[in-house]
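Trainee: Spelled out, the chains give:
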Amino acid sequence: MFAARRFARLVVLLSILVTASFGLMHLVPGDPVRAALGPEATAAQVAQRTSELGLDRPLPDQFLDYLSGLPAGDLGTSLVSGQRVGDIVVAGLPNTLTLAGLAFLVVVAVAVPVGLLAAIHTRGDRHRRGALAFTSGTGLLAVVPEFVLAAGLVATFAVGLRLVPVAGAGGPDSYVLPVLSLAAAPAAMLARIVRAEALRELGQDYVRTARAKRLPARLLYVRHVLPNALTSALTICGMLIPGLVMGTVLVEKVFAWPGLGSAITESVLQKDYPVAQAMVLLLGALVLTSNLVVDLVLARLDPRPALTEA
Amino acid sequence: MAIAIWQAVREWRPMRGSVGEPRGRGQGGIRWRRGVVKTPTGAAGLVMVTALLVLSVAGPVFWSGAARAMNTEAIMLGSSSAHPLGTDALGRDILARLLVATRLSALTAVGSVAVGALAGIALGSLPAMLGRRAARATAALIELLLAFPPLLLMIFLGLVTGGGTGGAVIAFAGAMAPSFARLTQTLTLSVTRSDYVASARMLGVSRPRLVVRHVLPNIAEPLLVNLSIAVGMAFMAISGLSFLGMGVRSPDYDWGQLLNEGLTRIYDTPAAALGPGVAIVFAGVAFQLLGEGAIGAQADRRPARPDDPAPILASKPSVAGGDRGSATVRAENLQVSFPAAEGVLTPVRGVNLTVAPGEILGIVGESGCGKTLTGLALTGLVPEPGVVRATRLEVLGQDPRGLSPRQARALLGRHTAMVFQNPGTAMNPVLRVGSQLAETAVVHHGMSRRAAGARAVDRLRAAAVPAPERRARQFPHQLSGGTQQRAVIAMGLMGEARLLIADEPTTALDVTVQRQVLALLRDVNSTTGASIVLVSHDIAVVAETCHRVVVMYAGLVVEDLPVDVLRSGPAHPYTRALLACALDMTGVRDRRLPTIPGRPPGPGERFPGCPFVSRCGHAGERCATEPPAMEELGRGHRVACWHPRTGAP
Amino acid sequence: MRSLTLREITVRLDAGRRAFTALDRVSLHVARGSVVGLVGESGSGKSTLGRAVVGLAPLTSGRVLLDGQDVTPGRRRRRSGPGLGIQMVLQDSYSALDPQLTIGRTLDEARQAALLRPATLAAQSAGELLELVGLDHALAAVRPGTLSGGQRQRVALARALASRPEVLILDEVTSALDASVQSAIINLLRDLRGTLGLTMLVIGHNLAAVRHLADSVAVMYAGQIVETAPTERLIGDPRHPYTKALLGAVPRLNGSVSPGAPDPDGANSPGKLPGEPPDPHVPLPGCRFHPQCPVGPLAVPDRTICTTHDPRTDARLRPHQTACHFAA
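Going line by line, the protein sequences match chains P, A and D.
Under my numbering, think of the first position of the first sequence as 1, with each following residue one higher.
Under my numbering, think of the first position of the second sequence as 1, with each following residue one higher.
Under my numbering, think of the first position of the third sequence as 1, with each following residue one higher.
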């Protein structure tokens, strides 16, 4: 029932997204084809290109064309290179997803245990110095933008120490710096949040009951505290995904990574609207779907109706 | 990227529900602004932000000449003392350009936050201002905007505006407006649902006036904190856009663009890229610290550790009542203290009590008398950072403070159980009732899961839970309050309980349910022979349920008496006063009700004599100067009073 | 002071699958200058009734009359319904006062409201109001954070009195307080009633407290009033089985259990209810109390009328207006 309602919501959001991405080209002030071809192009060239792209036809027809192309993966052709947008996506997407996915795994694998351990060791105001070190350390790391961190890492480890390659996607060692620079800030933030959540849970009545039952520490923390702390931390994980995908755009630039990053930046800079449209659609769909997955997992983890219906 | 994290935090903080709720200590809204300076993080943040401000004003004034001066002799130089960050392709000094760029970076960041926050706050406060239908529509719009990640909105807006400085400002503003709208909406909602707004509405105060007078002052604090953090994020996000070439464009330049230029030379002059990078991080950290300092100023007052507690008055440990054979509980001069900003608080100042096997002992007193902490101290569950001291503390023959975790499990896990006030929160919300009961049997008795599950159902039945098989498979929230409390009691019956401590077990329940739960406790006592300590503020509940009663006042036991003496003639004036103000169903209806004037001393106060002296109608000179010791009055009846009363109350 | 009459008040809360009827055609009369107590357990709808009367809960149907004049909230988009005529002191004294405002400013807000109202006496100063409820003038300068629960409750009372209401509704005003403070507030309310001639509706779960204030008492169960009678008669001679259960469950200093004594809560003790309370989300035909009733179909299987006929239909004909087919 809950899942059905969530799916319905996803459908609504996706249709808004499709409409918005279609509308993008028509919202832009001025003539997009003129903007893409540049001031040197003649009026005839512009007109020809406009009719090639079907931009001179009535809006509803264009929209229908756009919609009918989508299921087959037909996202149009680039105004600049003439390449099919689908091909650009197929070339770059796997690299971008690998990078973002690896970073996500690193974030969760590091932040959850670190946050939980930090909570256990600093609960009830003990180890006040440790708590201060943890919060200031993670706080500092969390505000370092990934592109700055990437530049710093390159300068130190690739240029200075020559431990890893400077740029490009190659062997496993080429992943180290990009994943590290992507994962560091979100991991720091998530660790803080997990700690704060776990500390809050440790103050709940049910933990007192569990302590009164004299459960062993492992059972107390893993069985009782962790699931409750995770329900809220998981929501944050869901929100990290778009951040990671977008972060790759910046990091890809630093490492000259052959992903979608350059396609996105180039399309925006060169006003290559069909490509930009496709990128907005792709990123949006990715995020909306991952949010749905997070919601469904949350609903399974927490049986209380209030949380899942809100 | 930074903004996503920022949004994550945004979403996360209102979940605490910490705002708009009444704050216990009554800080004013203005206070944190002074408090910020006192926390080290806040002070550091303030200094850094001020430095940024000064630089953004002074930077272009002092260094724009150097930043513009081209020098064909000195193109693309590395770091040197003349050019710490080197020079660029036109021979301009990068450090000077970095300093000059502060202004544009700051202007774009502050500008976009101003635009975005203003739009968001306006949108978010609409639901509180409008009628129900319009409010619902606005809420739906906010919900819809939030479904799309801010980064997507940013790209979309960037494309529509065509980039550039203005485009970047609008893009970031648009990206964060929905989050601010949600934050404002959540905060506003918590305030408008409060009883003080309800009261103002009853007085006919108009909606806009409500918003100005009650809502805004109560949400300003968290909004300002978030604004500060948002400015830091804006520095990073707009730099990021410029770094990609989608923000500030030449001939203008900000930090992001300088980083972009520097990156191409990372091999030979890393400083050219690292300089702008450090600047961006500096700004982010500055506003982050300022925001966190503000949060810290509200939340945390550093209390002192009670390593060296002030000498605490204690009644003489008494031997009387101590020789009843093997008592289930024996506590002498039990103290519980907590560190606090005002010094050490000692809510339990020296409690002597024994619980005989098979006895139901009531601990009764007003709120703050230390009765709950006494119950927790007996089983070693006083929350940190509380410190428990006692000249003697024995529970089932062992001192709970000296037990290793393994020993504590073996002794206390098997033989003691606790029941708390609020059954709705006492069980883990995400685990099934049956499995929460069963885990005790698995851990402490080595039962198999299946056997433990069967035992759980059996114990639920013993606690008179209707349809126990079905209840065992349900989650706590699916049970009514009374049934939840029965389930918690059943949890205590999983082992061979010899001591059950029930802390206000019926206060949150209706009277008809209260009666059933009290009957269950008596039933458990008579069938299993377990001792029960019943902590309650309600002297009638205690009188009805217990065999013996301990009366606590200001962290001390003032009287210890059998229940029939409680009814026929307690000796301490406080006990008699408590009985007199207990509302009952029989006395004359329109008589003036007796009250106890004044307040009990707080946990931080000291008193040389009897704690009750200022409220007592029978106090003499000695009462104010000398603490009365526990004296035996009759069989099992002891009282700490210089002038004990006799006769019926 | 005027009389308060509630006619067939119905409140449905929430929407969709979670909707339920919190109040089902509740009628009640509080005569001029009298005090009526409304008792019931949590979820019985007693607080909702108070909130609906002052316009804080949505009224589905029914009317609120002050001396026969219709002041029903929410009619024709009138903003505040009974206006200042009915004031309510809310349950939670901790959230009842704005933490940012001093006590003086909180009272000022109420005094200003009173000044806008025609034909009222000159509003009292904040100091006079504080004095009226037995507090020191100096408290006007402090914020609520430093006050005790009893003091907050007194301030909330002063705020309600500032606008000189015709009717005062008190929602569980003493329940979170220590016994002695509770008695002091009850004494204060009785004094105020004497000096100001207040008409009051006192909502509470504690019969022992309500008994000291109210001239008559109405008992609520699951959104319906099941019995109404003058206080002494209701306590001395309850008719509805639920009222009996409620009275039987009040803990008494003298009702006891000495060690080894037989359990006073045998199966037939009046405080013991069989069964579980009904789910408010599921509409129940007949008497709403029948799933828990000790004299209903659970105990006597041939009493099927309880599951089919609403006992309120003939309530007026029975003593204490008891909504029970088998009222003793």
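Keep in mind that the hints were calculated from the coordinates and are not lab data.
Just so we're clear, the structure is a prediction, and the values are computed from it rather than from any experiment.
Be careful, since some hints might not be right.
[Claimed, not checked] To spell it out: a stretch of chain D is covered by chain A in this simulated footprint if at least three of its residues, at any positions, have a beta carbon under 8 Å from a beta carbon of chain A; those stretches are:
#: 1; stretch: 218-224
#: 2; stretch: 244-252
[Claimed, not checked] Stretches of chain A that chain D covers, calculated by requiring three or more beta carbons in the stretch to come under 8 Å of a beta carbon on chain D:
#: 3; stretch: 108-114
#: 4; stretch: 537-547
#: 5; stretch: 574-584
#: 6; stretch: 587-594
[As the list claims (entries may be wrong)] Derived DEER-like restraints, expressed as beta-carbon distance ranges:
#: 7; chain 1: D; residue 1: R18; chain 2: P; residue 2: I16; range: 24 to 30 Å
#: 8; chain 1: P; residue 1: D61; chain 2: A; residue 2: T50; range: 57 to 63 Å
#: 9; chain 1: D; residue 1: D237; chain 2: A; residue 2: G620; range: 47 to 53 Å
The beta carbon of each residue, even a glycine, is placed where N, CA and C say it ideally should be.
Trainee: How about the stretch 574-584 of chain A: do at least three of its residues have a C-beta closer than 8 Å to a C-beta of chain D?
Mentor: Satisfied; 7 residues make the cut.
Trainee: At a Cβ distance under 8 Å, does chain D reach at least three residues of the stretch 108-114 of chain A?
Mentor: violated (count 0)
Trainee: Are D:D237 and A:G620 spaced within 47 to 53 Å by their CB atoms?
Mentor: Distance hint for D:D237, A:G620 holds at roughly 48 Å.
Trainee: Take the stretch 244-252 of chain D, compare each residue's beta carbon with every beta carbon of chain A, and decide whether three or more fall closer than 8 Å.
Mentor: holds (count 8)
Trainee: Residue count check for the stretch 587-594 of chain A against chain D: does it reach three with CB-CB under 8 Å?
Mentor: holds (count 5)
Trainee: Go ahead and decide if the range 57 to 63 Å is satisfied by the Cβ distance of P:D61 to A:T50.
Mentor: Holds - the Cβ-Cβ distance for P:D61 and A:T50, about 59 Å, lies within 57 to 63 Å.
Trainee: If you count the residues of the stretch 537-547 of chain A with a beta-carbon closer than 8 Å to a beta-carbon of chain D, do you get 3 or more?
Mentor: Since 9 is at least three, the answer is holds.
Trainee: For the stretch 218-224 of chain D, does the count of residues with a C-beta closer than 8 Å to a C-beta of chain A reach 3?
Mentor: violated (count 0)
Trainee: Is 24 to 30 Å right for how far apart the beta carbons of D:R18 and P:I16 are?
Mentor: 28 Å, holds
Of the numbered hints stated above, those contradicted by the structure are hints 1 and 3, listed in ascending order.
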